[in-house]
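Engineer: Now for the letters of each chain:
There are 2 protein chains.
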Amino acid sequence: MRGTSIMIAVDAMGGDYAPQEAVQGALAAAKRGVPLILFGNQDKVLPLLSHDCSGRRALPIELVHCSDVIAMDDDPVKSILRKKDSSIVRAMQAVRSGRAQAFVSAGNSGAVMAAASTIIGRVPGILRPAIGSFLPTNTGSLFCLDLGANPDCLPEYLVQFAYMGYAYVRLTKHIAQPKIALLSNGHEPYKGSSLVRKAFDLLQKTKLEFIGNIESRDIFSGQADIVVTDGFTGNILLKGIQGTANAVMDW
Amino acid sequence: MRGTSIMIAVDAMGGDYAPQEAVQGALAAAKRGVPLILFGNQDKVLPLLSHDCSGRRALPIELVHCSDVIAMDDDPVKSILRKKDSSIVRAMQAVRSGRAQAFVSAGNSGAVMAAASTIIGRVPGILRPAIGSFLPTNTGSLFCLDLGANPDCLPEYLVQFAYMGYAYVRLTKHIAQPKIALLSNGHEPYKGSSLVRKAFDLLQKTKLEFIGNIESRDIFSGQADIVVTDGFTGNILLKGIQGTANAVMDW
Numbered sequence: 000m001r002g003t004s005i006m007i008a009v010d011a012m013g014g015d016y017a018p019q020e021a022v023q024g025a026l027a028a029a030k031r032g033v034p035l036i037l038f039g040n041q042d043k044v045l046p047l048l049s050h051d052c053s054g055r056r057a058l059p060i061e062l063v064h065c066s067d068v069i070a071m072d073d074d075p076v077k078s079i080l081r082k083k084d085s086s087i088v089r090a091m092q093a094v095r096s097g098r099a100q101a102f103v104s105a106g107n108s109g110a111v112m113a114a115a116s117t118i119i120g121r122v123p124g125i126l127r128p129a130i131g132s133f134l135p136t137n138t139g140s141l142f143c144l145d146l147g148a149n150p151d152c153l154p155e156y157l158v159q160f161a162y163m164g165y166a167y168v169r170l171t172k173h174i175a176q177p178k179i180a181l182l183s184n185g186h187e188p189y190k191g192s193s194l195v196r197k198a199f200d201l202l203q204k205t206k207l208e209f210i211g212n213i214e215s216r217d218i219f220s221g222q223a224d225i226v227v228t229d230g231f232t233g234n235i236l237l238k239g240i241q242g243t244a245n246a247v248m249d250w
Numbered sequence: 000m001r002g003t004s005i006m007i008a009v010d011a012m013g014g015d016y017a018p019q020e021a022v023q024g025a026l027a028a029a030k031r032g033v034p035l036i037l038f039g040n041q042d043k044v045l046p047l048l049s050h051d052c053s054g055r056r057a058l059p060i061e062l063v064h065c066s067d068v069i070a071m072d073d074d075p076v077k078s079i080l081r082k083k084d085s086s087i088v089r090a091m092q093a094v095r096s097g098r099a100q101a102f103v104s105a106g107n108s109g110a111v112m113a114a115a116s117t118i119i120g121r122v123p124g125i126l127r128p129a130i131g132s133f134l135p136t137n138t139g140s141l142f143c144l145d146l147g148a149n150p151d152c153l154p155e156y157l158v159q160f161a162y163m164g165y166a167y168v169r170l171t172k173h174i175a176q177p178k179i180a181l182l183s184n185g186h187e188p189y190k191g192s193s194l195v196r197k198a199f200d201l202l203q204k205t206k207l208e209f210i211g212n213i214e215s216r217d218i219f220s221g222q223a224d225i226v227v228t229d230g231f232t233g234n235i236l237l238k239g240i241q242g243t244a245n246a247v248m249d250w
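Protein sequences, first through last, are from chains A and U.
For what it's worth, numbering that gives the first Met the number 0 labels the leading residue of the first sequence as 0, then goes sequentially.
For what it's worth, numbering that gives the first Met the number 0 labels the leading residue of the second sequence as 0, then goes sequentially.
Read the hints as simulated data drawn from the structure, not as lab findings.
Be careful, since some hints might not be right.
No copy is singled out in the list; a pair is fine if it fits within one copy or between any two copies.
[As the list claims (entries may be wrong)] Calculated lysine to any residue pairs in the SDA-like style (CA-CA distance at most 20 Å, straight line):
| hint | residue 1 | residue 2 |
| --- | --- | --- |
| 1 | LYS77 | SER108 |
| 2 | LYS197 | ASP151 |
| 3 | LYS197 | LEU153 |
| 4 | LYS190 | MET71 |
| 5 | LYS77 | LYS190 |
| 6 | LYS190 | ASP72 |
| 7 | LYS204 | PRO188 |
| 8 | LYS190 | GLY109 |
| 9 | LYS190 | LEU153 |
| 10 | LYS30 | LYS190 |
| 11 | LYS43 | LEU62 |
| 12 | LYS190 | VAL76 |
| 13 | LYS190 | ARG127 |
| 14 | LYS172 | PRO135 |
| 15 | LYS30 | ALA57 |
| 16 | LYS190 | PRO75 |
So here's chain A without its partners, still in its complex pose (with noise of 0.2 Å):
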C-alpha cells in the first residue's frame, strides 16, 4: 500500500485539544488504511497509541519525537526558527525531504504558514501563499481563499489565488472546470474596493470560469466552486460565519 499512496504528516502537538484529538484523529485514518507518521513528544503520544506497533496487527502509523511544542499564541516567524526541534518544523521537513507528502495541522497557522513557506517554499512564480478552507453551501462546499495569510493584497495575488483554487478543487473534487466567483459588496461589475474592482478586470481576462462578483449572502447558495478575496476580508467573513452560526444556535 504504501508504495502507491501518500505518506501523510500529522502534527500530534496542534490544536486546543491536542494530543488527545490529534492522536484520535489519527488512529481514525490508520484504520481506514491511511499511512501516517506522527509529530510530538512521545512521553505524551506513545500512552495514547493503544496499539501494538510491532505486532501483525499494527496501523500504519509511525511516530518520530519532537522535544519542542509551537504553543497557539507563539510568534509564529520567531518560534518556527527557535524551536528547531517542534512538531511543525520536523513535520515540514519532512515533506520537503520526501519522506511525507502532506502535512496536516490544527495548531498555530501562522507557524504552519511561515514554517511552509520557508521550508517547503512556493510554486515557482506563485507571489504569496494563501490560507484555503471548504465552507458548507446549499449544495455541498465551496474553496475559499485567502482566509487570513496576506491582510494587505494586490490584484495579482488574488488572480494566483483564483488558479491556486482552480488546481485544488479540480484535484480534490474533480471538478473540470470550476466556478470561480469575487468577494465584492454587490454583484455588479463596478462594486468593490479598488483593489477588488483592478482584480475583476484581471480575472476577466483569464481563461478561468469566472463569473463575477459574489456578495456574502450569497456564497451559501452553491452558485460558486472557489470564492477568491484578500486575507483580511476573507477572516472577517470565516470568523463572521462561525460567530453568526453560533450566536443563531444559542438563541
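For chain A, the structure is supplied; the task is to place chain U on it using the hints.
Structural biologist: Using the frame of chain A, we list chain U on its own:
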C-alpha cells in the same frame, strides 16, 4: 405636541413591499403620537390611509404627493438628479428646509445616501458619510459603521466613523462612554490590514473609549457598543451575518 416634538419624513415608496409596509409602519408610529409626513404617490398611498385626515380623531400624518419613484436598482446619483419629484428627493428637501427633522426610508440606500450628501450635506469637518446600523448581540446591540458607503477608506475616515458612532450611540442609547472597537483579523494590536493598523494607532490617540481590535466572531459577545470598519469590510460582514443566519435556520 408638534411644537415640542420632531417631525419625521417617511418614504412611502421605498422597500420591497412598498407602499403597503411603509404606510403600515407610519400608521403604527402615528398611533403612538409620532407626527409624520408621508412622501409618495397619492393614488397608491391614500387608499392605504384608512383614517379620516380631517376629523377630530385624525392621526398626525400628512401626505405629500410625489410623482416619481426611485427603484431599488436605479443608479443612485443619476436617479436623484433626474427624479426631482421622487419621494427620496422631496423628503430630503423637507429635512433640509426644517419642515422635518429626520427621514426614514427602506428604499434604494445608495440614492438615500446621495440625496443626503447633496441636499443636506455633511457636518463641517466630516470627510465622508457612513451607513450605520445596530446589530444584535448576546447582551443587547452594537452600532456598526461603515456598512457600505465607502468601499475604500483612509485611516482618518475610520476615526471619524468612531466619533459619529459615539455621538449616535450616546444620543440613542444614553451610554455616557460607549466602548469602541475596531474590526480586525485578530485582537492583537499588530493585527490587521495596513489601513486597520494605522487606524488603530490614531484611535489610541483620541479620548474615545477605544477597547482595541475585535474579531468578527466576537461581535456578538457584547463587549463593544460600537464597531468601526471600512464600508467594504462592513458590507461583507453584514451580508455574511444575514446569509449565515438564513442558512443555519434553513439547515
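Engineer: None of the hints should be skipped; say for each whether it holds.
Structural biologist: Now the hints, each set against the structure:
1. LYS77 with SER108: Cα proximity of LYS77 and SER108: one copy only (14 Å, versus 47 Å across).
2. LYS197 with ASP151: both (14 Å within a copy, 13 Å between copies)
3. LYS197 with LEU153: Classified as both: same-chain Cα gap 9 Å, cross-chain 18 Å, threshold 20 Å.
4. LYS190 with MET71: between (37 Å within a copy, 15 Å between copies)
5. LYS77 with LYS190: between (40 Å within a copy, 16 Å between copies)
6. LYS190 with ASP72: between (37 Å within a copy, 13 Å between copies)
7. LYS204 with PRO188: within (14 Å within a copy, 38 Å between copies)
8. LYS190 with GLY109: Between copies only: 12 Å across, 31 Å inside.
9. LYS190 with LEU153: Both: 17 Å inside a chain and 18 Å across chains, each within 20 Å.
10. LYS30 with LYS190: Neither, since 50 Å and 41 Å both go past 20 Å.
11. LYS43 with LEU62: within (11 Å within a copy, 76 Å between copies)
12. LYS190 with VAL76: between (36 Å within a copy, 15 Å between copies)
13. LYS190 with ARG127: Classified as between: cross-chain Cα gap 18 Å, same-chain 25 Å, threshold 20 Å.
14. LYS172 with PRO135: Within one copy, since 14 Å is at most 20 Å while 37 Å is not.
15. LYS30 with ALA57: Answer is within: at 10 Å inside a copy they meet the 20 Å cutoff, but 78 Å across does not.
16. LYS190 with PRO75: This pair counts as between: shortest inter-copy Cα distance 13 Å, intra-copy 35 Å.
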